[in-house]
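Asks: Residue-level listing of the chains:
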Amino acid sequence: MSFPLLTATAVLPAVGAIATAAVPAARRTAAKWLALLVSLATLALAIVILVRFDPGGARYQLTESHAWISAFGVRYELGVDGIGVALVALTALLIPFIVLAGWHDADPLETGSKRWRPTQGFFALILAVEAMVIISFEATDVFLFYIFFEAMLIPMYFLIGGFGDRAHEHGEEAASTQRSYAAVKFLLYNLVGGLIMLAAVIGLYVVAGNFSLQEIVQARANGSLHMATSTERWLFLGFFFAFAVKAPLWPLHTWLPNAMGEATAPVAVLITAVVDKVGTFAMLRFCLQLFPEASKWATPVILVLALISIVYGALLAVGQRDIKRLVAYASISHFGFIILGIFAMTSQGQSGATLYMVNHGISTAALMLVAGFLISRRGSRLIADYGGVQKVAPVLAGTFLIGGLATLSLPGLAPFVSEFLVLVGTFTRYPAIGIIATFGIVLAALYTLVLYQRTMTGPVKPEVTAMPDLRARELVVVAPLIVLLIFLGVYPKPVTDIVNPAVKQTMSDVHQTDPKPEVEAAK
Amino acid sequence: MSAQLAAYTTSTGEAFQFWVLGTVAVIGALGTVFMKKAVHSALSLAGTMIVLAVFYLANGAYFLGIVQIVVYTGAIMMLFLFVVMLVGVTAADSLKETIQGQRWLALLCGVGFGVLLLGGIGNATLTEFNGTGRANANGNVEGLAALIFTKYVFAFEITGALLITAAVGAMVLTHRERTERAKTQRELAEQRVREGKHVPPLPAPGVYARHNAVDIAGLLPDGTPSELTVNKTLRERGQIRDVSAEALNDLKALEQRAEERLERTAIEPANLKRAEEASK
Amino acid sequence: MENLIALLIAAPLLGAALLLTGGRRLDSVGHWIGTLLSATSFVFGVILFADLLGKDAEHRTLTQHLYTWVPVESFQADVTFRLDQLSMTFVLLITGVGSLIHLYSVGYMEHDERRRRFFGYLNLFLAAMLLLVLADNYLLLYVGWEGVGLASYLLIGFWQHKPSAATAAKKAFLVNRVGDMGLSIAIMLMFTTFGTFAFGPVLGSVGDASEGKLTAIGLMLLLAACGKSAQVPLQSWLGDAMEGPTPVSALIHAATMVTAGVYLIVRSGAIFNAAPDAQLVVTVVGAVTLLFGAIVGCAKDDIKKALAGSTMSQIGYMILAAGLGPIGYVFAIMHLVTHGFFKAGLFLGAGSVMHGMNDEVDMRKYGGLRTYMPITFVTFGLGYLAIIGFPFLSGFYSKDAIIEAAFAKGGTQGWILGGVALLGAAITAFYMTRVMLMTFFGEKRWQPDENGNEPHPHESPSVMTIPMIVLAVGSVGAGFFFHLGDRFLNWLEPVTGHEEGNSPVGAGAITAATLVLLVVGAGIAYLQYGRKPVPVTAPRGSLLARAARRDLLQDDFNHVVLVRGGEHLTRSLVYVDHTLVDGVVNGTAASFGGLSGRLRRLQNGFARSYAVSMFGGAALLVAATLLMRAV
Amino acid sequence: MNPVNYLYLAALLFTIGATGVLIRRNAIVVFMCIELMLNACNLAFVVFSRMHGNLDGQIIAFFTMVVAAAEVVVGLAIIVSLFRTRHSASVDDASLMKL
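Chains as they are written, first to last, in this note's numbering: chain H, 1 to 523; chain Z, 1 to 280; chain S, 1 to 631; chain G, 1 to 99.
Don't read these hints as lab results, they were simulated from the structure. Glycine included, C-beta positions come from ideal geometry on N, C-alpha and C. It cannot be assumed that every hint is accurate.
Each computed SDA-like pair below joins lysine to any residue, with the alpha-carbon atoms no more than 25 angstroms apart [claimed, not checked]:
1) K504/H x T215/S
2) K461/H x P163/S
3) K252/Z x P200/Z
4) K151/Z x R84/G
5) K36/Z x G53/G
6) K232/Z x I78/G
7) K37/Z x G53/G
8) K232/Z x R84/G
9) K516/H x P163/S
10) K516/H x A611/S
11) K162/S x P468/H
12) K197/Z x E227/Z
13) K162/S x V460/H
14) K213/S x P515/H
15) K296/H x H226/H
16) K162/S x V206/H
17) K516/H x P201/S
18) K55/S x P71/S
19) K391/H x R114/S
20) K296/H x S380/H
21) K37/Z x R103/Z
22) K183/Z x G53/G
23) K213/S x F439/H
24) K391/H x S74/S
25) K151/Z x M65/G
26) K36/Z x A611/S
Here are some chain S residues the structure puts well away from chain Z; computed CB gaps all over 12 angstroms [unchecked claim]:
27) G367
28) P448
29) G485
30) L562
31) V574
32) S596
33) V612
Take the sequences, apply the hints, and build the full model.
Replies: Shown next as structure tokens:
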């Protein structure tokens, strides 16, 4: 038996989390370095997976399968397809940056404060989230996936509630209240979604008799497993609801602005760029593959909801006064695009959506982390408290602008490719929806540029005159992300090559083919 | 009582005995629950237990019948009485309910449970009665012994362990470890002098020539009772008998009679009033 | 030879990368690096031009396939460049004028501490613009399209500390984005119609598609062109864009970027040829903008904004010509090139004036500058004569051709369009004469600024005047050069196609009419601004003048409807999100909270209470057991 | 007479005991009521033993007695120590379960 690469990528950060947590409090710097090393080692493993993965090969590769709870047919089954491998790589890529960006976020508070902040805990929790997210991307057993899908809420809850942002216009007390509100809201929303999914998971077991994704999909394809239409629809809704909360889709989105606003910037990136991707990923892997007919049945409603997310999220982003909440609403808009791409049921849409997940992760990380650096300098999240930063800290402003331009999908940067693919994919099947979604790009320009204009340009506000420019550590965080954004914008082929075969498979699972162009159809 | 009789039906004698003693047992049980004083409850319970002992005998459980009397009525109930004495014999328990709706809920549950239980028994098809005749053929005690030391030997050993644990536990709970050396008489006296309170010994209880029981507080010159005179334990239990009003009334009557005899007018009643107020 | 195409773009791109990430150590040489790389690109362009000239007319198309960009099933986007006569024309214009303006900027931006960055942005613009005109498919064109938008955004907002500049930059980008939306929808339509969006296959199989689809594509392309080329109704950004440094206005907002819309329409000529309805709309947009820009140009006192109105109007001519179909394509491009020369020259002249006048832009505070800055006066004057169509100068040939083509459209349409074009020529003469007179003639009207600094008008350094002289030569001679032997027509015809229209009026008559109107327009301006002294504060003016000063109220409309409306919409949505969407969830949570608060009272701490519930539970269990047995 | 009547009696006694536990506040009386319930069970066991004709029921009753004895010892010890510290034998006074 070959080396269990997939297990190793998940176990390594998990072990790292325990080891980091065990570092004595006096040596917190060692804990930070340990966490960074572990995340880098995980990245190395992810790169090995990426290299070993053969896009033209079997659908699921590097598979591992062991009996686990044999009484219920639960198996420990891992395997990655192109979509999974891309997202594992994204996760492993972002965590080192998150660790590095959050280097001082969990340092003990100034003396005199009674609150206890275990620095090692912060980094251990981040690694724990990484482990769980990675295994969710790898699991091909529904039950195994469910466990980690839910379990990642626990470390996230503590990261939001325990290590949140202390900047608040009404003082630290208000920040604390807001923080626990946000953490509880995050937990409750996702738990409700998860519980409904649990019911659907059990229902699936009752119908199918096991939890193996591959077996069920195969059985459905060759007709040996028949599912009544109504059963399939109910199960689909159960799964979809949980993923829609996680993604998040309008109107289940309101936890995200709170969570992202109250968490520190690196944790906000962890939420939106890593954890939320599990939701959209699961739609693609579980909803579409397990319940193809129900997916098609629900498509019109989901597309409309996604469309509302796009426009609504963008409009709300325009109306925000808080930098981080603005990015959160922008993310809601972007998740609308991802879901739109998934349910447009075209190769361009789904490849675009997968690419979008990767690109959105990188671009939001760039924007949000720079925003975090900005906020940490001034101690305020309000847009109105800034002005003229460009003059004082040009590098910070420049990187912020590039992050913003990536968010508004400027051609030449990575998100453009994915957004255009999603739009084209949607347009070929649903022209009206495609056109309305295109309005999203105008609104994206509006909220990004308004944010940039209000914070970075204009006369220099007295409070920001002494603001230092990006430090070396911060530059190390931002520069690679920007390089990646440009590289994937100019040459996205490496990713699309990995993703395309998997999307093709998914398309055939849902019995869909791309619409033919008019000229060919006429012939 | 013969084995045959213990079979399907019982003899008329047993029936008579059941109805009479059963009534007694129920009355005893009700008494346990509804008697105000713990002592009365304990006595009622003892009665019920003796009745039950008789019933055990009637059902062929001779050993248990005897054990019931010896252990339960003899030992456990006595233990109860001891504790009752320790806590206070006369402390009557107020039957007034303090938790809202508790009594009604309890009664409802009780009645409901009882009805269900009785209904359940009535519903069950209990037609087979083997009687204990064969089982008791070699003697009841021998039969039990055979079972205890073979089939149930493990459980038996465990109950032994349980009993020891319980005994030790009871000792641990009630035993109070002295953490410091007991003060000697001399030290106590010195302490009293140093504090300047009660330098002479505490006054004795009782109103001389009338009451000399330990639970009667001595009266001060103005007729009010002095709690100092009564033992601390009684004070805490609230078992002080106050005879001040009585004593003052007697005194008043005496004085009146004396005045009548001496044909004097009444003296100012200030003292009396104060005494009355104090006794309230 | 094909491999040179990528280098055309690579040179300025390298410059942008170097200058923007190089840090302060490049501050001292940055501007020369930028200028040099721009010139390098021009040299490559000339080499390629020579190569093309060496081939026959039919084989003057070079393509270079670099790599596959986005491959997803049938969606295949390549990074492929296409150099044909049309793109070659643009390459030379962009790199040529671009290099001159780089040179000019060396002097103009000398005292700006962020000059290195400025040159980085300029190089970025060149790269994006070259990508735009060299792309072989619409998606790659779109990259360049937004790339120039970005560069324009960065350059308009270059003086970011000025809130007006930042706002203008944002506005330009946003309005352009609306246009970009049109371009992306057009690409999507092409993909669904043709299954591809590469120039060759799309334009080659136009005949297979339905006219409805083609009209839709055409209108979407027009929307894109309107955004980029500041045509009605998306013209509002151009005036504000003058907040940027003047070389930027000259390069981006006069000579090159704003003409991208014309390029797009001419490039997609095959689509428009097959969709007459779309063509009609194009001509209408062109005609309306032509008048709109001209009227706005008459009323502005800000020299750059007056020139911006003029630019809008001139591009209106080009769009009008492009909308005429094969009879107009060549003239649209020809006017584009000549306009590139004289308008860039005019802007550089304006910049030179401002440079000498402490950055004053109000023409009412100029006057009599011809003696103080003679070179600027002469080059500006030549540009002025070229734009109004003075005989035998550049504008004369290109604009006349367009007016003729408009008449040649035929029918009522022809008469209306031709009439508008003629009227436009008259107004052009009026406002340009006005600018000329107010700036260089009459009494000197300048005053000390609020700091008490009296301007000392002086001629600009030679690094600025040389580009102006070169451009002035272009504005004088280019038209005649192109016209001679129909050189330009023969050069472009293989790409755009050409038809001679049947003008109901003779060519001579049109030329005569144009000249008469020219004299009339210039004469009125002379009467108003040459004979009478110009008041330093603007008179209230007629209703039309006041409206024209406010860009014919279009901005006010945008402000009231879009900005205000949008603000209200977002504000109410924020409220809805907080109270309604969140409220439903929080309400549910609150009701559960209330319920549990009630239930909590059952936990009163009395052991007996708990015992009751245990006992009740036992009773229920017994009941359930009995019930199950009974059943 | 049918020996089932013994069972009815046991049920009755058990119910009375249970109600007593719920109603009385004096911990000692509560304990007595518990004893009553245990005794009722014992009676039932003995009667079952008679019905089935074997001695197992009696054995169980025997064990019950032993356990009850142990329970009483510990329970009373608790009451005594409780009384010492709180000077009361009321169950309600020891409502420590309330926060």
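Asks: Against each hint, give a clear statement of whether it holds in the structure.
Replies: Now for the hints, and whether the structure bears them out:
1. A C-alpha spacing of about 33 angstroms is found between K504/H and T215/S, which places the hinted pair above 25 angstroms, so the restraint is violated.
2. Note on K461/H and P163/S: the hinted pairing holds, with a Cα-Cα distance of about 13 angstroms set against a maximum of 25 angstroms.
3. For the given pair, K252/Z sits about 32 angstroms from P200/Z by alpha-carbon distance, which is inconsistent with the 25 angstroms threshold.
4. Among the hinted pairs, K151/Z with R84/G is inconsistent with the structure: their alpha-carbon atoms are about 44 angstroms apart, more than 25 angstroms.
5. Under the criterion of a C-alpha separation no larger than 25 angstroms, the hint pairing K36/Z with G53/G is inconsistent with the structure, at around 42 angstroms.
6. At most 25 angstroms may separate the alpha-carbon atoms for a hinted pair to count; K232/Z and I78/G meet this at roughly 22 angstroms.
7. Between K37/Z and G53/G the CA atoms are separated by roughly 42 angstroms; this puts the pair beyond 25 angstroms, and the hint is violated.
8. Distance restraint check for K232/Z and R84/G: the Cα-Cα separation of roughly 12 angstroms lies within the 25 angstroms cut-off, and the hinted pair is therefore satisfied.
9. Pair hint K516/H plus P163/S does not hold up; C-alpha atoms about 50 angstroms apart against a cutoff of 25 angstroms.
10. Distance restraint check for K516/H and A611/S: the Cα-Cα separation of roughly 74 angstroms exceeds the 25 angstroms cut-off, and the hinted pair is therefore not satisfied.
11. At most 25 angstroms may separate the alpha-carbon atoms for a hinted pair to count; K162/S and P468/H meet this at roughly 22 angstroms.
12. The hinted pair formed by K197/Z and E227/Z meets the criterion: a straight-line CA distance of about 15 angstroms does not exceed 25 angstroms.
13. Of the pairs offered as hints, the one joining K162/S and V460/H holds, with about 10 angstroms between alpha carbons and a cut-off of 25 angstroms not exceeded.
14. A threshold of 25 angstroms between alpha carbons decides the hint, and for K213/S with P515/H the separation of about 16 angstroms falls inside it, so the pair holds.
15. Note on K296/H and H226/H: the hinted pairing holds, with a Cα-Cα distance of about 17 angstroms set against a maximum of 25 angstroms.
16. With a CA separation close to 67 angstroms, the supplied pair K162/S and V206/H exceeds the 25 angstroms bound.
17. Distance hint between K516/H and P201/S is fulfilled; the C-alpha atoms sit about 16 angstroms from each other, no more than 25 angstroms.
18. The suggested pairing of K55/S with P71/S is violated, with an alpha-carbon distance near 34 angstroms, which exceeds 25 angstroms.
19. Between the alpha carbons of K391/H and R114/S the distance comes to roughly 10 angstroms, so the proposed pair stays at or under 25 angstroms and holds.
20. Distance hint between K296/H and S380/H is unfulfilled; the C-alpha atoms sit about 46 angstroms from each other, more than 25 angstroms.
21. Simply put, K37/Z and R103/Z have alpha-carbon atoms about 19 angstroms apart, close enough for the 25 angstroms limit, and the pair holds.
22. Distance hint between K183/Z and G53/G is unfulfilled; the C-alpha atoms sit about 65 angstroms from each other, more than 25 angstroms.
23. Taking the CA atoms of K213/S and F439/H, the gap is near 21 angstroms; set against the 25 angstroms cutoff, the hint holds.
24. Taken as a hint, the K391/H and S74/S pair is broken in the structure, with Cα atoms around 47 angstroms apart against an allowance of 25 angstroms.
25. Restraint check for K151/Z and M65/G: the C-alpha separation of about 18 angstroms stays at or below 25 angstroms, so the hint holds.
26. A hinted pair counts as satisfied when its Cα atoms are at most 25 angstroms apart, and K36/Z with A611/S qualifies at roughly 21 angstroms.
27. Non-interface status of G367/S relative to chain Z is upheld: no Cβ of that chain comes within 12 angstroms, the nearest being about 98 angstroms off.
28. The Cβ of P448/S lies farther than 12 angstroms from every Cβ of chain Z, with a closest approach of about 91 angstroms, so its non-interface assignment holds.
29. With a least beta-carbon separation of about 113 angstroms from chain Z, G485/S lies farther than 12 angstroms from that chain, consistent with its non-interface assignment.
30. No beta-carbon of chain Z comes within 12 angstroms of the beta-carbon of L562/S; the shortest separation is about 66 angstroms.
31. For V574/S, the non-interface assignment is confirmed: its Cβ lies about 49 angstroms from the closest Cβ of chain Z, beyond the 12 angstroms cut-off.
32. Under the 12 angstroms C-beta cut-off, the non-interface status given to S596/S relative to chain Z holds; the minimum distance is some 20 angstroms.
33. With a cut of 12 angstroms on Cβ distances, V612/S falls inside the contact zone with chain Z, its closest approach being about 5 angstroms.
Comparing the model with each earlier hint shows violations of hints 1, 3, 4, 5, 7, 9, 10, 16, 18, 20, 22, 24, 33; every other hint is respected.
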